[in-house]
Amino acid sequence: MTYDNPEILKEFAQRFHITYPLLADPQSEVIGRFGLIDPDNSPANLLEDSKTGLAYPGFFFVAPDGTIKEKYFGEKYYDRFTANNVLVKLFPELLEVSATHAADAHIRVDLKQSDRNAVIGSRVTLAATVHLPEGVHVYAPGVKGYKPVQLTLQTEGLPLKDSFYPPSHPLTFGELDETVPVYTGAFEIRQDVLVVLDKNLREEYMRFEGGRDSGTFVPIHGLLSYQACTDKVCYPPATLALEWMVRVHQMDNERSPEGIRDHRQK
Amino acid sequence: MPDLHLLNKSLRNITLCLMFLVEGGLAITAAPAGQTGAVPVAERGPAVGQKIPVFAARDQFGKEQTLASLTGADGLVLLFVRSADW
Chain A
1057 MTYDNPEILK EFAQRFHITY PLLADPQSEV IGRFGLIDPD NSPANLLEDS KTGLAYPGFF
1117 FVAPDGTIKE KYFGEKYYDR FTANNVLVKL FPELLEVSAT HAADAHIRVD LKQSDRNAVI
1177 GSRVTLAATV HLPEGVHVYA PGVKGYKPVQ LTLQTEGLPL KDSFYPPSHP LTFGELDETV
1237 PVYTGAFEIR QDVLVVLDKN LREEYMRFEG GRDSGTFVPI HGLLSYQACT DKVCYPPATL
1297 ALEWMVRVHQ MDNERSPEGI RDHRQK
Chain V
-7 MPDLHLLNKS LRNITLCLMF LVEGGLAITA APAGQTGAVP VAERGPAVGQ KIPVFAARDQ
53 FGKEQTLASL TGADGLVLLF VRSADW
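Note that the protein sequences, when read in sequence, are chains A and V. Note that our numbering numbers the first sequence so that position 63 is 1119, with each residue one more than the last. Note that our numbering numbers the second sequence so that position 29 is 21, with each residue one more than the last.
Chain V with its partners taken away, still in its complex shape (with noise of 0.2 Å):
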């Protein structure tokens, strides 16, 4: 991990909120030739400079949260990950 003191000091008032999970069970295999279907990188997600979705989602402590209650005063690393189960 990086020095803690400088990680605060870069991370002063951003929430880094749902980071690296370890996800598992699915062997590595390349995907299925000529594999169709597939939403091109730049295309997954809105663009850098557009707004997100208002989006009101529980976390694991039964409390729902939205970008108000999870941002800090200098913003959110929000992640999306496949699966916490397998």
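Chain A extracted, bound-state conformation (with noise of 0.2 Å):
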């Protein structure tokens, strides 16, 4: 649903060839009911001669009875969550192996993304699968004496999200008379991402004179630290090096034609 008159949504439906429904609300009623107007028109929000009433963008999962059962905003209008973020955060199933996997003597880890593709202001889900062997555990979050687990994003410029850590289980030594979090088997590690324009992305973009590009391919390096031990030994802590590839192009700069755009009251 947009602020934007139905002749802009269905010339912009066409461009794309969009076939799912494109709402319209020009006057921003149903927005205001959501309360969703975002209230900043300045220059730094919206083009001067665009009429006010924008909304937030944002994701709602409704029940058919119309429940709220997950929404989904960003802070900043270049904040966005992409649709697949948001289908692998409802079906984390969903998220598919990228080309590239690491591993080591002791864990194999499958990296994952939830987009390839995206435009910059784009959030982006990333995320290590981690595959133990038998027998072997690593220390979660929390524990104490030991080295948990851990993903770490060199990110350059590139804004951290929300991170989420599966839920562990408690392993008991009996020798030691100590319980400790683990993870054991195969457990994954999800970093949401911004794909913001910075200095080194905007001289990229520079070449390019709007419209649909083929896009800048950003490496995303990350370090998995963990400590794998079994019940007998602990090998000594390590760390995995990551690599995920985004492919981040420039925003669709072309606007609907003159004659149907809608203007701001003066």
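Think of the hints as simulated: they come from the structure by calculation, not from any bench. There may be inaccurate statements among the hints.
Unchecked claim - Restricting the straight-line Cα-Cα distance to at most 25 Å, the calculated cross-link-like pairs of lysine to aspartate or glutamate (DMTMM-like) are:
{"no.": "1", "chain 1": "A", "residue 1": "K1132", "chain 2": "A", "residue 2": "D1248"}
{"no.": "2", "chain 1": "A", "residue 1": "K1132", "chain 2": "V", "residue 2": "E35"}
{"no.": "3", "chain 1": "A", "residue 1": "K1217", "chain 2": "V", "residue 2": "E56"}
{"no.": "4", "chain 1": "A", "residue 1": "K1203", "chain 2": "A", "residue 2": "D1166"}
For clarity, every value in this text was computed on a predicted model and none was experimentally measured.
Combine both chains into one complex, guided by the hints.
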């Protein structure tokens, strides 16, 4: 749903071959009833000739009776969940393995991501699915006296958003009379990252003159640190280098034809 | 995109309405410091567990749509975007 008139949505849907319903709320009446009108009408937030009554961008997942089951809103208009990000939050099993993976003597990691392509301002989910051999455990966050598994991203200007570590389970060492939180088998760590226009990306995009581009491959590097143990022996703490690749695109700059645009009331 | 078979399995009976739109034209700039009036993220729209307001709106085909006409057996994904124009 947008505050555009129906002609704008019709033209936009034809241009992008969109067949699902695009809802027009040209008076921002429904947007207002939802409590979603963005009051910031400064030039930093909308074009000077554009009408006011913008919606804050975001998703609702709604049950058939109208009850909201989940909602996803970003802080700024350039912090937007991609549709794929919302899908994998609702259905994590949809995360697909990227081309890359990593392994060392004790663990194997499949790298996954919600989106391989994203426009600037997208919030993308990256995931590391860790597979441990039979009989091996790693320590979970909150452990005392051992090194917990931790995913760190070196994103250089790409802000980090929500991170997710799955529930751990307790492991008791009878001889030490000690119980600690661990992961065994397979578990998945997820981290959202925001694709924004930092200085390096900006230089790339200056080469494009608007419209849809072929994108720029942006590597996102991470480190997975952990300590693997069996019930007999603990191996030295280790760190595994990870890399995801996101193809980042400029936003579409093509506007609706002048004749059907909405304008701000003077 | 996710694997389509899995997607279909997981999205069975859910209508995905108003997916991601591309929005351009505005340079990405930080909001001015000291900007007032922004609604905190958690307060944007009704909370999880509440019901959405009753609404009706026309789509790009001229059809009037409501929650009842849009929802699948398991629900609806409803997306608000800023503009399809600029």
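- Broken hints, numbered, in rising order? 3
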